[in-house]
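2 protein chains.
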Amino acid sequence: MSRKRIIIDMDEVLADVIPKFTALYKKYFGKDLKPEDYAGKKIYDLPGAAHIRNHLHDPGFFLDLPVMPHAQEVVRWLVGHYDVYVATSAMEFPNSLSDKYQWLRREFPFIPWRNLIFCGSKEILSGDYMIDDHVSNVEKFGGKALLYTASHNLHETRFTRVNNWPEVRAFFERELEREKRGA
Amino acid sequence: MSRKRIIIDMDEVLADVIPKFTALYKKYFGKDLKPEDYAGKKIYDLPGAAHIRNHLHDPGFFLDLPVMPHAQEVVRWLVGHYDVYVATSAMEFPNSLSDKYQWLRREFPFIPWRNLIFCGSKEILSGDYMIDDHVSNVEKFGGKALLYTASHNLHETRFTRVNNWPEVRAFFERELEREKRGA
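Chains Z and U, in that order, give the protein sequences. Using my numbering, you'd call the opening residue of the first sequence number 633 and step up by one each time. Using my numbering, you'd call the opening residue of the second sequence number 633 and step up by one each time.
Be aware that one or more of the hints could be misleading.
Unchecked claim - Derived DMTMM-like pairs (lysine to aspartate or glutamate); straight-line CA-CA distance at most 25 Å:
#: 1; chain 1: Z; residue 1: 666; chain 2: Z; residue 2: 648
#: 2; chain 1: Z; residue 1: 658; chain 2: Z; residue 2: 643
#: 3; chain 1: Z; residue 1: 673; chain 2: Z; residue 2: 705
#: 4; chain 1: Z; residue 1: 776; chain 2: U; residue 2: 760
#: 5; chain 1: U; residue 1: 776; chain 2: Z; residue 2: 755
#: 6; chain 1: U; residue 1: 636; chain 2: Z; residue 2: 755
#: 7; chain 1: Z; residue 1: 772; chain 2: U; residue 2: 760
#: 8; chain 1: Z; residue 1: 776; chain 2: U; residue 2: 755
#: 9; chain 1: U; residue 1: 636; chain 2: Z; residue 2: 771
#: 10; chain 1: Z; residue 1: 636; chain 2: U; residue 2: 724
#: 11; chain 1: U; residue 1: 636; chain 2: Z; residue 2: 809
#: 12; chain 1: U; residue 1: 776; chain 2: U; residue 2: 811
#: 13; chain 1: U; residue 1: 772; chain 2: Z; residue 2: 715
#: 14; chain 1: Z; residue 1: 636; chain 2: U; residue 2: 755
#: 15; chain 1: U; residue 1: 812; chain 2: U; residue 2: 799
#: 16; chain 1: Z; residue 1: 772; chain 2: U; residue 2: 715
#: 17; chain 1: Z; residue 1: 772; chain 2: U; residue 2: 755
#: 18; chain 1: Z; residue 1: 636; chain 2: U; residue 2: 771
#: 19; chain 1: U; residue 1: 772; chain 2: Z; residue 2: 760
#: 20; chain 1: Z; residue 1: 636; chain 2: U; residue 2: 760
#: 21; chain 1: Z; residue 1: 636; chain 2: Z; residue 2: 805
#: 22; chain 1: U; residue 1: 666; chain 2: U; residue 2: 648
#: 23; chain 1: U; residue 1: 776; chain 2: Z; residue 2: 760
#: 24; chain 1: U; residue 1: 674; chain 2: U; residue 2: 664
#: 25; chain 1: U; residue 1: 772; chain 2: Z; residue 2: 731
#: 26; chain 1: Z; residue 1: 659; chain 2: Z; residue 2: 731
#: 27; chain 1: Z; residue 1: 776; chain 2: Z; residue 2: 664
#: 28; chain 1: U; residue 1: 636; chain 2: Z; residue 2: 760
Derived from the structure by calculation, the hints contain no laboratory data.
Kindly generate the complete structure, drawing on both the sequences and the hints.
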């Protein structure tokens with residue numbers, strides 16, 4: 633039997649963009665944001681902060697993002713059981729293309745380059761599982777979708793939620809166990 | 633009814649890479665190649681020419697490729713009837729990412745950035761139609777595939793073939809006519 637396919641998002645799933653946005657908010661507004669300050673939204677959706685989103689165009693923005701805790705060890709484990717793809721929305725920010733490529737090859741060298749996708753819309757991607765923080769991606773996906781918790785999706789209740797990478801591993805351990813039982 | 637999706641390849645379908653390869657061949661071997669010299673293969677598959685493929689890593693290689701004759705007018709017409717995506721293998725040649733983005737936005741500005749995909753393998757893409765010169769892409773596609781004629785696929789007989797962009801338009805005119813009749 634061929635291996636099942638998992639499509640993993642990059643920003644706010646593998647890569648943590650929040651520290652850059654809180655630093656930019658502090659630079660412009662002089663305030664240290666706490667997670668409760670932006671619960672239910674993106675930081676650039678705070679009043680007067682829309683221009684912070686423009687920094688996604690900065691060359692290098694995506695080059696040095698911290699990796700989400702335990703993402704590397706769990707994705708490495710997933711690669712042993714599934715065909716793991718990373719699909720990241722990059723086309724709106726063309727300067728991100730090179731940054732994202734370098735970041736993914738450096739931090740996740742065990743994902744082959746053949747399995748990287750830089751796209752606009754993700755509607756065109758087919759697979760068995762998707763892990764993504766954007767409701768707009770998750771709701772159009774044809775397979776099983778896991779909503780990875782991020783500030784902007786905290787109030788969403790329609791999808792299976794994973795709060796961190798250990799929870800992702802636990803989910804797929806159950807899936808593998810279920811398949812082994814033939815269920 | 634939602635519009636059907638066409639996935640179009642870039643190299644040797646929208647963009648003509650042959651003039652660069654024949655110029656490189658002439659530079660290294662002093663010979664003007666004719667199409668019959670590389671019928672059934674790629675130019676870098678000629679004896680001793682494998683190193684020419686390394687030029688795909690050159691920054692700028694993909695930036696100034698000629699557009700295939702009539703590609704712009706036919707794709708513009710397709711955009712009026714279908715959801716048109718361009719999917720191009722770029723991950724093996726990371727320097728191509730920025731070049732390809734600029735080329736596609738310049739030569740095909742009527743294809744929205746949301747519909748561009750830079751990938752490794754195309755197996756993950758789902759759609760109704762694919763236009764591609766590589767048998768390996770066409771044979772794994774779940775929809776109707778059109779093999780766009782290129783030197784390296786001349787001997788392939790398994791797929792519906794299109795030799796040029798006017799033939800692509802004629803094919804889709806027939807498809808639209810057939811759908812209108814409800815066939």
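Starting from the hint list further up, note which numbers the structure goes against and sort them upward. Violated hints: 3, 11, 25 and 27; rest satisfied.
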